[in-house]
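Visitor: In order, the protein sequence lines correspond to chains G and S.
Counting in my numbering, the first sequence runs from 43 upward without gaps.
Counting in my numbering, the second sequence runs from 43 upward without gaps.
Any given hint could turn out to be false.
As the list makes no split between identical chains, a pair holds if one copy fits it or if it spans any two.
[To be verified] Only pairs whose alpha carbons sit at most 30 Å apart, straight line, appear in this in silico BS3-like list of lysine-lysine:
(1) K265 with K70
(2) K225 with K180
(3) K97 with K385
(4) K385 with K279
(5) K225 with K398
(6) K265 with K180
(7) K286 with K385
(8) K315 with K398
(9) K398 with K409
(10) K279 with K365
(11) K365 with K286
(12) K286 with K421
(13) K97 with K265
(14) K97 with K180
(15) K153 with K265
(16) K409 with K341
(17) K262 with K153
(18) K279 with K153
By construction, these hints were calculated from the structure, which means they are not laboratory data.
Each chain is listed here by its residues.
There are 2 protein chains.
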Amino acid sequence: MSYRDPLNTNTRILMGPGPSNVHPRVLKAMSTPLVGHLDPQFLEVMDDIKVMLQKTLQTKNHLTFAVSAPGSAGMETCLVNLLEPGDEALVCVNGVFGNRISDIVERCGAKVVRVDAPWGEPVDPEQVKEALRNRSPKLVAVVHAETSTGVLQPLEPLSELAHRAGALFVVDAVTSFCGTEIKMDEWQIDALYSGTQKCLSAPPGLSPVSFSERAIKVLKERKTRVQSWFLDLTMVKNYWQGAKRAYHHTAPVSAMFALREALQLVMEEGLEKRFMRHKQNHELLRDGLQALGFGFLVKPEFRLPMLNSVVLPSWLEEVEVRKRLLEAYDIEIGGGLGDLAGKIWRIGLMGESSTKNHVNMLLSALKTMIEDSPSAITKSLKHA
Amino acid sequence: MSYRDPLNTNTRILMGPGPSNVHPRVLKAMSTPLVGHLDPQFLEVMDDIKVMLQKTLQTKNHLTFAVSAPGSAGMETCLVNLLEPGDEALVCVNGVFGNRISDIVERCGAKVVRVDAPWGEPVDPEQVKEALRNRSPKLVAVVHAETSTGVLQPLEPLSELAHRAGALFVVDAVTSFCGTEIKMDEWQIDALYSGTQKCLSAPPGLSPVSFSERAIKVLKERKTRVQSWFLDLTMVKNYWQGAKRAYHHTAPVSAMFALREALQLVMEEGLEKRFMRHKQNHELLRDGLQALGFGFLVKPEFRLPMLNSVVLPSWLEEVEVRKRLLEAYDIEIGGGLGDLAGKIWRIGLMGESSTKNHVNMLLSALKTMIEDSPSAITKSLKHA
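Turn these sequences into a full structure, and let the hints steer you where they fit.
Guide: This is the structure in structure tokens:
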């Protein structure tokens, strides 16, 4: 393909760690002619997004909106606004994204206190309790659904510990958002960021976020300026709320159209039904994979429904299989990250990608490969 | 409109300071089903974008790509990567965006040396020369096309002064990109950021950037980490180039499809022809507006072709006219910012919005309003 050629991509089945497949209604919404970023009609779109984000996050938080950049920028938004140089933050780390939080905390000039857990396990509240003894950090941060390992972190015990220590409770909900329950208010989460390209099934590029009154108080009492202009909530909030909207940056209009449509699809399906669909398709995949000889990295009670970290049989040439899945079946699945590279696959069943048909397609393709061309995908035979 | 209703926006004629109207081919490209952000087919899309950005910026710079967020994030990318705490930066300020540069420089912990010019005038190279006497700042930053005032800043004299002082030359090309000539290599620009939603006529949400070898050397010799994780070029570059692409963040896949298509349209038209079109439509608008009694803020030789800052007749109820233009004609134009609010309009003729028909539509609408309902749009009559 030359840069002069028309765009000519395959129709992929997206079963990796995101982006997931996008509903035709969302794709169509993006082809809507643009309106200005301060057009009264666009401000209505922003208001609609805010209302639907509040509903999907089960929160009344006034400061609920979408950062005009992907999930990592949402993470950075939460941290640069709540931390100041010299602050202390307790970060729970059991995968790539916990590490990323820790990295950004340091870049804020704050001190990190880490509570680590092995990759594939949740963080132990007892260890967090221990680490908080005689400490009063500004915030406690944790990843709800660790996309690098497939672990679901129970949030309520950590929230209680954080608040007892006088800390804000910050949650990464990039992969859990719209795929499993998040009760932002009931669980007393103070700052939360998420992504659009996982269980919401909108294109990547925006990061829904929400902040509690406690978090806003911390923001208001800052002694230093937020180190990022683009992510500075003291200004961004005046674009998203208030009687007179103030220009800050030019919002990604088309992506917001898509976000609105994707949120509508979630509301139409209903949260409970959507979470159940994610759970049931996970179970279908799990049973099929186990029958083919695959294992799971994570204990059943902490497994994510939308991101399956699958332990590979030792004989499998995993890179070759993923290549064949993509080239011959147009199915994308994800490899492992860091120490888990070559040892696990990350199979996403997110949003529109979470269907019985997709599970069956993947299982059938794997079965066919194993039965029809074992030599090509088997280590021992290949290297014999 | 309730959040439950289908998206129902008007078809606007976008003649404000951006976004501009988007070509149907670009809208259609966005409705392409997604591929993964590490899919070999997506990496090809990224390569195509890089090649076309190099051509449109007239540069061979290897590090040329699109930041996954709007132009303001592109501005921040250039500054946080090139500046370290304690550095000095000379910033030319003659409008909102020069001010924004100055603001971000401070947030980097660097010292700002400002050279100010009145809003509506270019920055005087003699003053820059004077300010650089006995100084060797890390960089000199300037806005090529100041969207808040409509001023085109000649870049070559400032580039020479910057380099003579041992500084990098950093340029804001958000509004000039694809609407007037930018010779990045010949003019020895070291770091440049732009936007997609102005003369390129792609939706807002991405910021094309490019860095010279001199800038990359400065980046490599940093003593401290870049304060933003999301914008840290030492990591982002490994996603955009090299044999093995490393995951950094999830790129906005659909927006990149749109960017590729919009760049193709620019290549098909040809840069010279495109710049001429912008110039000619500006002249058509200028003549028509002057006949109606409007003036221009900027001297002819420094006027932007794509952003016309129009001085309003003293009798005009400008907010009312803009409201009527939007509601009765679906035409969006921009008001003034800061001290220029109420005194000027900012009329954009950018990319797809720069057509003879759009100019004629706007002039006819204004003429009709002035002739048919003078009392509603005239200050003296209204308040009499």
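Visitor: So which of those numbered hints doesn't the model satisfy?
Guide: 1, 3, 13
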